[in-house]
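S.K.: Line order of the protein sequences matches chains X and Z. Note that the first sequence covers residues 3 to 816 in the working numbering. Note that the second sequence covers residues 74 to 186 in the working numbering.
Calculated from the structure, these hints are not laboratory results. Among the clues, some could well be false.
[Unchecked claim] In the BS3-like style, the derived pairs of lysine-lysine whose C-alpha atoms are separated by at most 25 Å in a straight line are:
(1) LYS7/X / LYS92/X
(2) LYS663/X / LYS527/X
(3) LYS106/Z / LYS612/X
(4) LYS156/Z / LYS563/X
(5) LYS156/Z / LYS778/X
(6) LYS803/X / LYS778/X
(7) LYS127/Z / LYS803/X
[Claimed, not checked] If you want the footprint, here are the derived chain X segments under chain Z, 3+ residues with CB under 8 Å:
(8) 541-553
(9) 733-745
Glycine included, C-beta positions come from ideal geometry on N, C-alpha and C.
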Amino acid sequence: MSREKLVIIGAGMAAGRFLEHLLDANPDAYDITLFNAEPRGTYNRIMLSPVLSGEKSYEEIVTHTDDWYAEQGITCRFGERIISVDRANKTVLGEKGIVAYDKLVIATGSSPFIIPMPGHDLSGVLAYRDLEDTNGMIDACQPGAKAVVIGGGLLGLEAAAGLRLRGMDVTVLHLMPTLMERQLDPSAGYLLEKELADRGIEIRTGANSKEIYGDGKVEGIRLEDGTDIPANLIVMAVGIRPSIAIAKEAGLDVGRGILVDCKMKTSDPSIYSVGECVEFEGNCYGLVAPLFDQAKVLANALIAEADDTDFVHSETATKLKVTGVDLFSAGDFADGEGRDEIVFRDPARGIYKRLVLEGDKLVGAVLYGETADGAWFFDKIKKGEEIGAEDRATLIFGQSYAGGSPLDPMAAVAALPDEAEICGCNGISKGQITQAIDEKGLSDVEGVRACTKASGSCGTCTGLVESLLAWKLGDAFAAPAKNAVCGCTELGHDEVRRLIVSQRLKSVPAVMQELSWKTSCGCAKCRPALNYYLLASWPGEYVDDNQSRFINERVHANIQKDGTYSVVPRAWGGVTTAAELRAVADVVDKYDIPMVKYTGGQRIDMLGVKKEDLPGVWADLNEAGMVSGHAYGKSLRTVKTCVGSEWCRVGTQDSTGLGIKLEKLMWGSWTPHKVKLAVSGCPRNCAEATCKDIGVVCVDSGYQIHIAGAAGMEVRATDHLTTVTTEEEAIEMCAAVLQAYREQGFYLERIYKWTARIGGAEKVHELIVDDVENRKALFERFKYAQQFSQDDPWAERASGKVDAHEFKTLELVE
Amino acid sequence: MDGMAPFERWFDICELSDIPVRGSRRLEKDGMKIAIFRTSDDRVFAVENRCAHKGGPLSEGIVHDCAVTCPLHNWVYDLSTGKAQGGDEGQIRTFPAEVRDGGRVHLRLAMAS
Ligand code: SRM
Ligand SMILES: Cc1cc2nc3c(=O)[nH]c(=O)nc-3n(C[C@H](O)[C@H](O)[C@H](O)COP(=O)(O)OP(=O)(O)OC[C@H]3O[C@@H](n4cnc5c(N)ncnc54)[C@H](O)[C@@H]3O)c2cc1C
Ligand code: SF4
Ligand code: FES
Numbered sequence: 003m004s005r006e007k008l009v010i011i012g013a014g015m016a017a018g019r020f021l022e023h024l025l026d027a028n029p030d031a032y033d034i035t036l037f038n039a040e041p042r043g044t045y046n047r048i049m050l051s052p053v054l055s056g057e058k059s060y061e062e063i064v065t066h067t068d069d070w071y072a073e074q075g076i077t078c079r080f081g082e083r084i085i086s087v088d089r090a091n092k093t094v095l096g097e098k099g100i101v102a103y104d105k106l107v108i109a110t111g112s113s114p115f116i117i118p119m120p121g122h123d124l125s126g127v128l129a130y131r132d133l134e135d136t137n138g139m140i141d142a143c144q145p146g147a148k149a150v151v152i153g154g155g156l157l158g159l160e161a162a163a164g165l166r167l168r169g170m171d172v173t174v175l176h177l178m179p180t181l182m183e184r185q186l187d188p189s190a191g192y193l194l195e196k197e198l199a200d201r202g203i204e205i206r207t208g209a210n211s212k213e214i215y216g217d218g219k220v221e222g223i224r225l226e227d228g229t230d231i232p233a234n235l236i237v238m239a240v241g242i243r244p245s246i247a248i249a250k251e252a253g254l255d256v257g258r259g260i261l262v263d264c265k266m267k268t269s270d271p272s273i274y275s276v277g278e279c280v281e282f283e284g285n286c287y288g289l290v291a292p293l294f295d296q297a298k299v300l301a302n303a304l305i306a307e308a309d310d311t312d313f314v315h316s317e318t319a320t321k322l323k324v325t326g327v328d329l330f331s332a333g334d335f336a337d338g339e340g341r342d343e344i345v346f347r348d349p350a351r352g353i354y355k356r357l358v359l360e361g362d363k364l365v366g367a368v369l370y371g372e373t374a375d376g377a378w379f380f381d382k383i384k385k386g387e388e389i390g391a392e393d394r395a396t397l398i399f400g401q402s403y404a405g406g407s408p409l410d411p412m413a414a415v416a417a418l419p420d421e422a423e424i425c426g427c428n429g430i431s432k433g434q435i436t437q438a439i440d441e442k443g444l445s446d447v448e449g450v451r452a453c454t455k456a457s458g459s460c461g462t463c464t465g466l467v468e469s470l471l472a473w474k475l476g477d478a479f480a481a482p483a484k485n486a487v488c489g490c491t492e493l494g495h496d497e498v499r500r501l502i503v504s505q506r507l508k509s510v511p512a513v514m515q516e517l518s519w520k521t522s523c524g525c526a527k528c529r530p531a532l533n534y535y536l537l538a539s540w541p542g543e544y545v546d547d548n549q550s551r552f553i554n555e556r557v558h559a560n561i562q563k564d565g566t567y568s569v570v571p572r573a574w575g576g577v578t579t580a581a582e583l584r585a586v587a588d589v590v591d592k593y594d595i596p597m598v599k600y601t602g603g604q605r606i607d608m609l610g611v612k613k614e615d616l617p618g619v620w621a622d623l624n625e626a627g628m629v630s631g632h633a634y635g636k637s638l639r640t641v642k643t644c645v646g647s648e649w650c651r652v653g654t655q656d657s658t659g660l661g662i663k664l665e666k667l668m669w670g671s672w673t674p675h676k677v678k679l680a681v682s683g684c685p686r687n688c689a690e691a692t693c694k695d696i697g698v699v700c701v702d703s704g705y706q707i708h709i710a711g712a713a714g715m716e717v718r719a720t721d722h723l724t725t726v727t728t729e730e731e732a733i734e735m736c737a738a739v740l741q742a743y744r745e746q747g748f749y750l751e752r753i754y755k756w757t758a759r760i761g762g763a764e765k766v767h768e769l770i771v772d773d774v775e776n777r778k779a780l781f782e783r784f785k786y787a788q789q790f791s792q793d794d795p796w797a798e799r800a801s802g803k804v805d806a807h808e809f810k811t812l813e814l815v816e
Numbered sequence: 074m075d076g077m078a079p080f081e082r083w084f085d086i087c088e089l090s091d092i093p094v095r096g097s098r099r100l101e102k103d104g105m106k107i108a109i110f111r112t113s114d115d116r117v118f119a120v121e122n123r124c125a126h127k128g129g130p131l132s133e134g135i136v137h138d139c140a141v142t143c144p145l146h147n148w149v150y151d152l153s154t155g156k157a158q159g160g161d162e163g164q165i166r167t168f169p170a171e172v173r174d175g176g177r178v179h180l181r182l183a184m185a186s
């Protein structure tokens, strides 16, 4: 039997949720084709703000992957806009052709409103709606660049905060006298304005913009009062309009949105609509909670036997997703006859709360600075609960009020009634979550999210869900073991690395300040990590912080158990000369060095050198042309080689020569952990290349590149990355791998661990072998960074100009 | 700690600027090895330069807040008390040290023998 054809226009958040419900109920009911004007499937649009600020990456906010669509057998036509609907023939016309439908769902969302003022079409004027807009804003974030955001509502302020975090100079123009006037009363609006101003965002209220000027590209904006504000980027966030053009043209009944009944049916019985494009009983929606309700109703309506629910209008609550700003509002909080208000202020802590009562019912709430009780108040507003006279006195202190002192978060969730809503976006109550925990044996937030969707959308209720888990499971709940860098921060290495780049943090104190370090100057764990991340992120700009380095790297020698040092000069590719050996011999005699040893890395180690002798030892070795071997560093160590085709009767290529070239290219570079290479001249592999971080095995036809080996605490043979034909390609490939590792590795993570974390050698293959452009770019960035790291640290110190104090002891002055 | 023990006196050691911020200098007095530290807020501390664990030279460690991490096996000492922190137990000698007006670092040690 051929299935009915279901065509969906728009793969936004409403469509994504609708598909999940539909396929859950009956995976085989329809033959589905999904169109989306954006060149991708559903992602969590709400989370574009954290992407803009750099707190999340796009990959983290994708909710429906290509694999998911494939598994569900959905025909995806992403990047294709629907131009019109032919209701008589039941077809849609897309940019690439006509498709017939039995049932059609219009889920086109809404479009940002662009004020048609002069200059609105200049390059550099953006809206804030999709990934392209977000990336456009991120690209505009150059040092010294200025942004103007028109609109001081939810979207405008999230855009402003994100741009500011990325280092932009930001001005917000808002027509009304206070920010977010639709969601906040003037007092809360004032506090918000103050907070944003403290973050360096300039807020101009009562500002009426007149025209945008610039020659092809934005140069600034002029206000009605004649003020000029220079800008490289202008973001218009002044409101949205339901996208109804195709519905209107097809003759469906529309108002502001596409008119639907309580089953989401439009005026044509074969056509349904869901999401922001819909108008229901005079209401249009701009937050996901009601859209998710609609999605469920629609799925039921399309699977006839399950059709038992109606969509009903409900209140929505607002939260602003700017990290560090806590704001909540719900219901109707205008003053009015017969209305009472209860206000609480704590100026020192920046807290403001206002409740509006009509008769004995709570009708509105605005909370600023402390919003934990938001869900509790919202629940009372929605239910129209009666507030008794004695409860009224303590109402403002929230649910945790018990004898005056607030309860801890776990006691607070424990005290909530089962119907209390925990996740506003998805309408999930405490009872639903605890039931899922009990029945499905859930033990972590991911489990709750997968099962109930709670905390899966805007994410602000994640903390509540954690508290609920902790309350239900007691000790069995292991709070998410985030791999924090150390006890000084909650952030993991990945977050720290990303934020350093996105927020353009360029010094250790800046990182600690902006990322709220808990200690005043870090510890021996985080300081070296931060120093490395800054060095790798800002080559040529960041000034190395010597005091954040472990002693070996600070004095460029390895400390020994008795406090003396060992000195290992470079022997390029393991090769040495009579002159070098003679110089080593002389140094050993002159400074009375107790032990000389060949290392496991094909070079010579002089052990037991006194700290004060180090500069002299180095000066003498430098004299003979030798430089630091970095045997002490999280940096390039040795490049071992075998004799290769120059001497060996079976050698296929000049492995010694290639090893020397690699070492000369890479020496001096700092890396997340130490890096060792080896080049063998044939597959007999005498240089042991297949247990190195990066290894090259020469073969008749070229060079096999191997990565991710180890031979220390863990022994691991390398993975074969690719084979190339020329020496130049081999060098480029190895350097690109090294640079990718430098940019992505966590501090103290060897190449084999980094590789495993990002998805194995296949992933590295994708990044570096398949993506030629990326490989070339990595190689260029590596060479650029190397310009700043190939000064011999020994020569600098032997000269007495750098760190002279390190090597001298103090004298007592009488 | 008040008053001066009979056989001790203050020695003028160096300029504050001779010690790097969050760094140290070494000093030897009558065979005793001493490490002098300068914290990020410009306080100075002096301790015996010998880790209670296996004798590591603390002067070579990373300085953070009012503490130093031994370079050999990462014991952490509070510089003001000389007590090992966290799970490790140990105590090193401390010596009174201060920056006097004019920025000279002074150290109280046993009189020259
Ligand atoms: C000197 C040397 C031993 C020798 O006498 O041959 C040596 C000495 C040390 N190794 Fe090594 N390793 C030496 C070759 C190796 C090798 C062999 C090689 O490079 O081919 C390995 C196994 C290969 C590998 O790295 O995977 C090796 C695996 C390690 C490890 C384990 C690393 C791991 O990820 O599992 C450590 C510990 C660490 O780095 O955290 C280590 C750490 C050390 C340290 C730095 C211990 C420490 O933290 O102080 C030793 C410093 C001694 C000093 O002051 O010089 N050493 N070490 C070798 C110096 C090579 C050179 O010329 O630079
Ligand atoms: C930056 C930002 C932050 C937000 N924060 C929050 C928040 O904190 N809380 C909250 O509840 N809501 C928030 N929202 C609003 C929320 O994202 C929207 O309510 C929700 O995405 C609307 O879903 P939708 O499916 O109706 O529309 P959309 O998600 O906009 O999807 C519509 C899709 O249809 C496609 N389309 C349109 N026309 C056509 C056509 N002719 N042919 C083919 N495809 C077409 C579009 O390309 C689009 O991908 C935020 C929105 C933004 C932009
Ligand atoms: S194996 Fe390496 S780390 Fe261990 S004692 Fe020998 S040199 Fe030191
Ligand atoms: S010697 Fe200091 S920690 Fe071991």
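S.K.: Work down the list of hints and note, for each, if the structure agrees.
M.R.: Going through the hints against the structure:
no. : hint                : result
1   : LYS7/X / LYS92/X    : holds, 10 Å
2   : LYS663/X / LYS527/X : violated, 34 Å
3   : LYS106/Z / LYS612/X : holds, 14 Å
4   : LYS156/Z / LYS563/X : holds, 22 Å
5   : LYS156/Z / LYS778/X : violated, 53 Å
6   : LYS803/X / LYS778/X : violated, 37 Å
7   : LYS127/Z / LYS803/X : violated, 33 Å
8   : 541-553             : holds (count 6)
9   : 733-745             : violated (count 0)
The structure shown violates the earlier hints numbered 2, 5, 6, 7 and 9.
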